[in-house]
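Number of protein chains: 2
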Amino acid sequence: METTATPPSLKPEDGYELWLRYRLLPSHDQFKISQIVCNESSDPLLSAAVAELQRGLEAMLGHRPEFSPVVTQDHALLLQPSQVYPGALAHLTLNHEAFAYLPKRAEERQSHTISASSSRGVLYGAFWFLRQLQMGTAFPQTLTVSAPSYSLRMVNHWDNLNRTVERGYAGQSIWDWHKLPDYIDPRIIDYARANASIGINSVVLTNVNANSMVLRSDTIVKTRAIADVLRPYGIKVFLTSRFSAPEELGNLTTSDPRVPDVQQWWCKKVSEIYDQIPDFGGFLVKANSEGQPGPQSYGLSHAEGARVIADALAPFGGVLLWRAFVYDDQIPVDRAAQAYAEFKPLDGLFQENVFVQVKNGPIDFQPREPFSPLFGAVDETSLVMEVQATKEYLGFASHLAYLGTMWEEVLKTPTQQRPAELVLHTIKGVAGVSNIGSDRNWCGSHFDQSNWYALGRLSWDPTQEAREIANEWVSLTFGSDVTDPIVSIMMRSREAVVDYTGPLGLTHLMATGHHYGPGPWVNDLDRADWNPTYFHRANKDGIGFDRVASGTIQQYAAGWQILWGDPKTTPENLLLWFHHLPWSYELKSGRSVWEELVYRYSRGVAEVKAIRQEWSHLTSKVDPDRFTQVAEFLKIQEKEALWWRDASLAYWQSLNGLPYPEGFDPPQMPLEYYQGITHPFAPGNTHTG
Amino acid sequence: METTATPPSLKPEDGYELWLRYRLLPSHDQFKISQIVCNESSDPLLSAAVAELQRGLEAMLGHRPEFSPVVTQDHALLLQPSQVYPGALAHLTLNHEAFAYLPKRAEERQSHTISASSSRGVLYGAFWFLRQLQMGTAFPQTLTVSAPSYSLRMVNHWDNLNRTVERGYAGQSIWDWHKLPDYIDPRIIDYARANASIGINSVVLTNVNANSMVLRSDTIVKTRAIADVLRPYGIKVFLTSRFSAPEELGNLTTSDPRVPDVQQWWCKKVSEIYDQIPDFGGFLVKANSEGQPGPQSYGLSHAEGARVIADALAPFGGVLLWRAFVYDDQIPVDRAAQAYAEFKPLDGLFQENVFVQVKNGPIDFQPREPFSPLFGAVDETSLVMEVQATKEYLGFASHLAYLGTMWEEVLKTPTQQRPAELVLHTIKGVAGVSNIGSDRNWCGSHFDQSNWYALGRLSWDPTQEAREIANEWVSLTFGSDVTDPIVSIMMRSREAVVDYTGPLGLTHLMATGHHYGPGPWVNDLDRADWNPTYFHRANKDGIGFDRVASGTIQQYAAGWQILWGDPKTTPENLLLWFHHLPWSYELKSGRSVWEELVYRYSRGVAEVKAIRQEWSHLTSKVDPDRFTQVAEFLKIQEKEALWWRDASLAYWQSLNGLPYPEGFDPPQMPLEYYQGITHPFAPGNTHTG
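These protein sequences, in sequence, are chains E and X.
In this text, residue positions in the first sequence follow the numbering used here: the first is 1, and each later residue adds one.
In this text, residue positions in the second sequence follow the numbering used here: the first is 1, and each later residue adds one.
Bound conformation, chain E alone (with noise of 0.2 Å):
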């Protein structure tokens, strides 16, 4: 514990703690908690629970409370893992995962209570009660009940068994399969704390593009010692399973699941995974996409498909999680059309333990996207909303871009398929590509943390407001007094990261493999609709993506249709998205596409610029080594902006031949020059196929 005269915000910080710092408060001589009470200490979950408070208090507040079966002091907190209420909570019920915190109250001893109808809702009570610590100057003084709004809050890695990454900018993966069973790094556990205080209930330790050594033996054994030291943090752990596998793992001759073997071999594997691991959550799916082996290879539907392995699960309690990010041999017409085509008319076709896992816009973790039509449309389809918090296209580390407002945007939009449904009621939970990695910070940048804690937060309840998480998340992580300026920046952060890469609705501009840097003009892939061309249609006459012409208008309600359907009443941030236009059309701003194009790509910069300078005003404000790094990044996060703004109008303007709008720089180099720069070795391109 730290008792110098320094602010503790001030001394040299590396990220790590995350927002779990624990700093003694100004006024902890205040405070007193004196001992926790439990009248259960047998369960794993209780014990992590009671472990965190005295780790917290004892930090905040300046001494130990003391773990006691029962009240001997005034001043305690009292856990209650019961269906038994006191006080005002007598005839509440709460489901297994909810928490209720009674303020202290003279009459009983002064004590605090935090109650549940499960050792996990007390754990999660715990890590709100620590938190309201950290950014409240008193103990909270209201009665609280919080419950979550999904019973699946999740957290997706994309590591692969060989410790690589994919769409990974944080350093290797913290799985270090090769030394697991025998040696669990400590840091296993605190990534556990961290996401258990954010509700964080499952987790998938693999990459979606599967390997099938996923399924040997040995790595399930693996698996079992990462789901030991996550279960006391009531976390559950999933695989990916590659469709093949039971050719490639199991020496089939078909992964055809009609055929006996094929199904045998998947229960038998499922049996295995749950001798080792009774609590295994199940798997993921990626089939029939990019590569990935899948139903359609035999004829069959995704359905059908999932078929198999869900059965396998069910005895088990396990779930399936399908991916309907999905692209088959066929160029289609529209790429954004697909997921809704192909899932649609299977709605009802699913088994009760398949969850389908939607990407939140129709096309790929875009800085912008529609939400996708396939939320609201099935009625009989478990869903679940996949985002990603690795910034694959929002500048990877370097880059500060919060992302609580774009996944606040999706969440909040109506779907107006039922009246005062919004895209959140529509789904079972969330799962969030991780960003995390074996980086002494986690994340690879500061503020990329912001963003797991955003995933959390949010898949506890949606409704919150973004601002409002990254209000909470800036007094955790760097302190009350900076919230302000710290808040202002992140919530304009991804508008600028929309701005500098891909205004008015443009998307998928990005350089190949890799997606680092800008490649607007890259039409040469091997298929069609990998292609940025295939994306923004641009020519001498115009650009954008008519949505209307192909139809794919129709995936959505009738509402939007109609909205969408005209660019007069298209909201402009998604323009380009829906319609085709000529250079020359004109926005409401009275400027023409064009200029507005370039106006929108300078502001980007401009804001980019903005935010550097004002953090540069909180030199005193935040520890020096945190501070230089964000610093730091925000000058390559300035440089790259413009590379992105010079490198895309460039391209515009070598096919409209159009001038400059007055008051704006032209690009700094020929176009060319920024057709040529290449970054072989940019990181987290480690498809494995």
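Everything labelled a hint here was simulated from the structure, so no lab data went into it.
Some clues are possibly wrong.
Because identical chains share one entry, a pair is satisfied inside a single copy or across any pair of copies.
Claimed, not checked - Here are the simulated lysine to any residue pairs, SDA-like style, with alpha carbons at most 20 Å apart:
no.: 1; residue 1: K32; residue 2: L10
no.: 2; residue 1: K639; residue 2: L180
no.: 3; residue 1: K412; residue 2: M491
no.: 4; residue 1: K639; residue 2: T219
no.: 5; residue 1: K11; residue 2: R21
With the hints as your guide, set chain X onto chain E.
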């Protein structure tokens, strides 16, 4: 600074500080350095020395000495980077890296003095002074002069541009090429400090299995950023250059060094590098070996091939390191003979700025080899000894094996070429293949730090005893109260690995590719001389490689030929290296070769068990985090030692059909079990071609 009552060594430590922990000395109030005095202040190396002294002295003594250009107080520490030495040193001439220390004398206001002929010498003296203080209980009392034996003291990284590390067991490369030159990880400064503290003055940043993109202009700019950080610590950077770079990077039609375009390409490339990095060290080249291109593709010798690159470097003072680890397309009678066979005839044909870099043994960093016959055999060629700190063949990161003893064994072997000539007299430098990565503890395990340390200390003074170096390292790393038990463990550790992986001079018995675990049965690789069976020649009658018959023994001096030519006079630890002997051949112990093998394999396992037991007694003397990791790694080592023993014995026994000697357990499993083990994701196997 820690001022708690708990002994500092018992606070959890993660190993990041290496041997520069600078803990408050128990007797700190009996010491005083009032100020650090130097009349030069603009030299970056002196600034680095002053900063390190302030950091270390403040932490160890509890007060920070201020910098002053002149002595104004008693108890100053004088830094004198000039040729004019005070008092007892008046007539001394120091080489430019040496330093001298004068203990405090009453007549000089109680000042201590570090003198040198250069700021670099002062820097080394500063680290030396801090080390004495860390280890000791008082300021050094005697006049000390220290000069490095070799001018080249080098770390060779085998780091790829994508941050994988060939034979790396400590995470990713610490060079983040993607973010360079914009972002410099502060860790690079700590890396420089650690190297300077042990006298390392050169680092090769990239893998010898070179990618020609190492020489791309953008990589050079990134390299400059690293060079700028390392320069104040007296460290020069080198790169690996691929012989075919003129074609691959320069778009020439050939890389034939006789072609003027090729010569010009090298000149321009070298010139471009020196524009960025005026003190660039030079290149390391692996040519015509394991698929790397080289001059033999053009019918030229290594010397002829080296000429074009060396000539390009010469005007700038650059050095070319040319590796003698070669094997061409022909399968040799004896791979162990190749380096000598290729390079002995070239003696005198290399330019002055070429160093031929020779592995310590004739094959490949095996746990035990005789010294390479090139040492002492060439007169007009400068040699550098290459050793491997990363434990490719000694258990990766999880086995405890201190390599100081192994390197000492080679360095202090008499060549018998000239009277009193030891191997250490035949070289101009030492290059150690790095075990450094981005893991928090740098080396993947706490004990592997000792090999980095020993590399530096032995390159400074190869006459030092490995035990003394271990003593220093333990004292600095774990504290002086545990030196005896830990040094005892370290001193026995390498021999234990020899015993359980390849006793009696057996060699090259590991699994294919990743080299993890035993594979003595492997016999199906593309080249005969990649197979363990090629090296051990075991059959039902006997085992060992007859290097008398092969003629290889004639590469050594006559004295060695006599000694090693007869199994009766060959040291038993190299017996089967030089001789093929019947299984029944009787050894000094009275045991047959077969019985002795069983005995030694078992002894290796028993030694690991004993070491693990001894470590367990240190639980109260080593901080909990390092204690636990070492304990868990020793558990892995014991398991794997048993694996090595059992797999190897099962295989030898399958050949000789002999019974297991009484008192020794047979392998736990049948041979087929061991042959069926696969570890497709074992780390470190990242050849880039």
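Consistency of the hints with the structure:
1. K32 with L10: neither (26 Å within a copy, 29 Å between copies)
2. K639 with L180: between (41 Å within a copy, 13 Å between copies)
3. K412 with M491: within (16 Å within a copy, 66 Å between copies)
4. K639 with T219: between (43 Å within a copy, 18 Å between copies)
5. K11 with R21: both (12 Å within a copy, 18 Å between copies)
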